[in-house]
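The listed protein sequences derive, respectively, from chains V and P.
For the first sequence, the tail end lands on 310 under the numbering used here, and the numbers increase by one without skipping.
For the second sequence, the tail end lands on 1405 under the numbering used here, and the numbers increase by one without skipping.
Please keep in mind that the hints were generated in silico from the structure rather than gathered at the bench.
Be a bit skeptical, because a hint or two may be false.
Reference listing, derived: stretches of chain V covered by chain P, where coverage requires no fewer than 3 residues with Cβ under 8 Å from a Cβ of chain P [what the hints assert, rightly or not]: (1) 163 to 177; (2) 267 to 275; (3) 284 to 291.
No residue lacks a Cβ here, since even glycine has one placed at the ideal position from N, Cα and C.
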Amino acid sequence: MTDATQNQALDAASEDIGEPSPAAALRRRILGHKGLLTGGIIIAVLILLAIFAPLLAPHSPYAQSLPNRLLPPVWVDGGRWTYLLGTDHLGRDYLSRLLYGTRVSLIIGLGAASISCVIGVSMGICAGYFGGRVDQIISYLLTCQLAMPGLLIVTALVFLIGPSLLVVTLVIGATHWTLYLVVSRSAAMQIRQLDYIAAALSIGSNRRQVLFYEVLPNLLNQVIVIFTLEIGVAILAEAALSFLGVGLQPPTPAWGLMIAEGKTAMFFQPWLVILPGAMLFILVIAINLVGDGIRDVTAPEHRN
Amino acid sequence: MFRYCIRRSIFALLVALTVSVATFFLLQVATDPAEAIAGPEADQAVVQQIREQYGFDRPIIVQYASWMAGILKGDFGQSFYWKMPVGKLIADHAPDTIELALSAVLVTIVIAVPLGIFAALRPNTIIDRLALSVAVSAQAIPNFWLGLMFIILFAVMIPLFPVSGDSTWRHFVMPAIVLGASSVPSVMRLTRAGLLDVMGSDYIRTARSKGFRGLNLLVRHALRNALLPVISVLAVQLGHKLNGSFIVESVFAINGLGRLAIDSIFGADIFTVQMLVFVFTLVFVVLTFLADVLNAWLDPRIRLG
Chain V
7 MTDATQNQAL
17 DAASEDIGEP
27 SPAAALRRRI
37 LGHKGLLTGG
47 IIIAVLILLA
57 IFAPLLAPHS
67 PYAQSLPNRL
77 LPPVWVDGGR
87 WTYLLGTDHL
97 GRDYLSRLLY
107 GTRVSLIIGL
117 GAASISCVIG
127 VSMGICAGYF
137 GGRVDQIISY
147 LLTCQLAMPG
157 LLIVTALVFL
167 IGPSLLVVTL
177 VIGATHWTLY
187 LVVSRSAAMQ
197 IRQLDYIAAA
207 LSIGSNRRQV
217 LFYEVLPNLL
227 NQVIVIFTLE
237 IGVAILAEAA
247 LSFLGVGLQP
257 PTPAWGLMIA
267 EGKTAMFFQP
277 WLVILPGAML
287 FILVIAINLV
297 GDGIRDVTAP
307 EHRN
Chain P
1101 MFRYCIRRSI
1111 FALLVALTVS
1121 VATFFLLQVA
1131 TDPAEAIAGP
1141 EADQAVVQQI
1151 REQYGFDRPI
1161 IVQYASWMAG
1171 ILKGDFGQSF
1181 YWKMPVGKLI
1191 ADHAPDTIEL
1201 ALSAVLVTIV
1211 IAVPLGIFAA
1221 LRPNTIIDRL
1231 ALSVAVSAQA
1241 IPNFWLGLMF
1251 IILFAVMIPL
1261 FPVSGDSTWR
1271 HFVMPAIVLG
1281 ASSVPSVMRL
1291 TRAGLLDVMG
1301 SDYIRTARSK
1311 GFRGLNLLVR
1321 HALRNALLPV
1331 ISVLAVQLGH
1341 KLNGSFIVES
1351 VFAINGLGRL
1361 AIDSIFGADI
1371 FTVQMLVFVF
1381 TLVFVVLTFL
1391 ADVLNAWLDP
1401 RIRLG
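Based on the sequences and whatever the hints tell you, model everything.
As structure tokens, this is what we get:
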């Protein structure tokens, strides 16, 4: 029997008792959650745009055309159909740069959130599961990290090491693990006392097996929520760094950098600033909707 | 209470020291300060000379010890980039940032607390949904972009406020709103959750059955307890505003500590950056300490537990 038919059988069986199976209930909750659906669709579209940017972009994001500098979008007087969203101060096609910018934001968001996830969750599991001295030391590190002026240290480190996509991702990732730690620590503390941990230990599982196969899978639900939200946080952090001039460097098509470049012309060509900011806003709000949605769907009792 | 304060203050000091050690090492390891001072084209002899002149050739522990000893004696070091004592630099730039941070927190309170209260009093209604969507949107807006949008809207299209600068109070209106907006989501959610929790508690039911209702019940009974956790979060947020205002400061050309930090980073002035990190951490630690003490004073459960 395949998984699908098995699920159908289970669904049918539970309908007999008059209650939906957990899988069916989850499916219904996902489809009934407007925020999750809206956010999910927006993200899916943006991911497709990012992947197929080379096919979709009408121009190269780097190709300069000085005669066509600062053209407005097509719906404004003076706009041209060849440059749908206008051009920047070097005559580069804005639509193409915005499309490629989706790649940069998504790569940094996913990369940084993954790094901080590994750091935060492993520290959190150790603190919560072992408790005692280990917990004290890790909680102390957490307090210190929270007391640091985070964005200032990130800015200083990225600038002094030398800004590049890799450095930006690493530094943002290495400084945004606190939420993962807090959540996985308290989850691990609860899981530690559950019967299946005692059962695993009594059949001779060693410490590594318990941590990887018992504790970790059971806190993933909560970690996924944090992971999603942290992608948004990392994207905004990168945009802020690039805006300040210490993140990604020209001519990279990064939204934060595009806002900084458009700033000097913003009184006469406001779309140069409005468009990349709107892209950032749409992407991050979609990510947050999905994060909140996953929390509502997987743990309705924690609904805000 | 006294013992509680002593215990918390020793802990706070320890945290500030740990952070200062960590940043000192991070900044020294991440870069070669001598090369940064000398510039990219300087030859090795010059770099070596600078290294000896500033004492970068000494073991890093010795450097940290002499830096810390300087602070304890009130000597905050000399900035090679600004050609000024670091202490004076910080004192000159602090007022603008303090003014900005305090007004930003005021903006947060004025927007977030009423919104949270309305949402909690009418859960799952239009008001609640609206409050929640304000929170979700505020979380997703890059604040430097919000600042630029404000400039386009309220300084250029409708000239209500000056575009940038820091000479009058009118210069601080837009920056304070932009900086304050970023804390609205967390404070709003916390007010809402806290009040929802309290409204369902036994003592509120008792008060209701004794005939308390409306504003009287809300202000004299419910809010007192519901706002306790909000105090701690506001302290943390004020700390974040003081040490994280540099994006807003750079958008609105306010010459505060944030601008000083950014310009010092660009000048590779690691003495000033280090001292700023230390001062920011100390301020943050002191603020959270004060919030802890205030909470313990207001809530005997914490003090005695």
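The hints, checked one at a time:
no., hint, in the structure
1, 163 to 177, "holds (count 4)"
2, 267 to 275, "holds (count 3)"
3, 284 to 291, "holds (count 4)"
Violated hints are absent here; each numbered hint is respected by the structure.
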